[in-house]
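Residue 1 is where the sequence shown starts when you use the UniProt record's numbering, and the numbers rise one by one after that.
Bear in mind the hints are in silico, worked out from the structure with no lab data behind them. Keep in mind that a hint or two might mislead.
[Claimed, not checked] So the derived label-pair ranges between C-beta atoms look like this:
1) F6 x M114: 19 to 27 Å
2) R133 x R58: 30 to 38 Å
3) I44 x S88: 19 to 27 Å
We put the beta carbon where it would ideally sit given N, CA and C, even for glycine.
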Amino acid sequence: MLTIIFAWSTTLLTTLLAPKNTLWTASSVHGFIMSFFSLTWFLIQDSAPSNNLFLMDRLSSPLAILTCWLFPLTLLASQNKLSKEPLSRQRMYIANATTLQLTTLLAFTTSDLMLFFIFFEASLIPTMIIITRWGAQER
Numbered sequence: 001m002l003t004i005i006f007a008w009s010t011t012l013l014t015t016l017l018a019p020k021n022t023l024w025t026a027s028s029v030h031g032f033i034m035s036f037f038s039l040t041w042f043l044i045q046d047s048a049p050s051n052n053l054f055l056m057d058r059l060s061s062p063l064a065i066l067t068c069w070l071f072p073l074t075l076l077a078s079q080n081k082l083s084k085e086p087l088s089r090q091r092m093y094i095a096n097a098t099t100l101q102l103t104t105l106l107a108f109t110t111s112d113l114m115l116f117f118i119f120f121e122a123s124l125i126p127t128m129i130i131i132t133r134w135g136a137q138e139r
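Start from the sequences and build out the full structure, keeping to the hints where you can.
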């Protein structure tokens, strides 16, 4: 579990360091690779605690897999509209989507109810930023 969380965290680094012409490709490919690795969570039959804080069971594994798959699909869906914006806004969108994905993944895989609420509330901040900045309809 820690490996997957660390790998998703490196997407932020990819977003900051990728050149303009490979920003969307690198982020999408990185997201799809991690999504394919998350498919191994379907094989979990019983609860599989990776440590005292994170737990993967029959209920949390489909939610975590769905979370991992939504990130690259969101990037593919928004690439056409956001490619016309300045590079800094493109990077900010991908960084917010990565933060949203990471906090949601942490919320679904935590074993403590208090940590679930903390990570869920933390996921509302990038959600609000994405909706207020890029969610407006064209006029």
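Each hint tested on the structure:
Look at F6 against M114: about 23 Å separates their beta carbons, and that is inside 19 to 27 Å. Taken as a hint, the range 30 to 38 Å holds for the pair R133 and R58, whose Cβ atoms sit roughly 37 Å apart. Checked against the hint of 19 to 27 Å, the pair I44 and S88 fails, with Cβ atoms roughly 40 Å apart.
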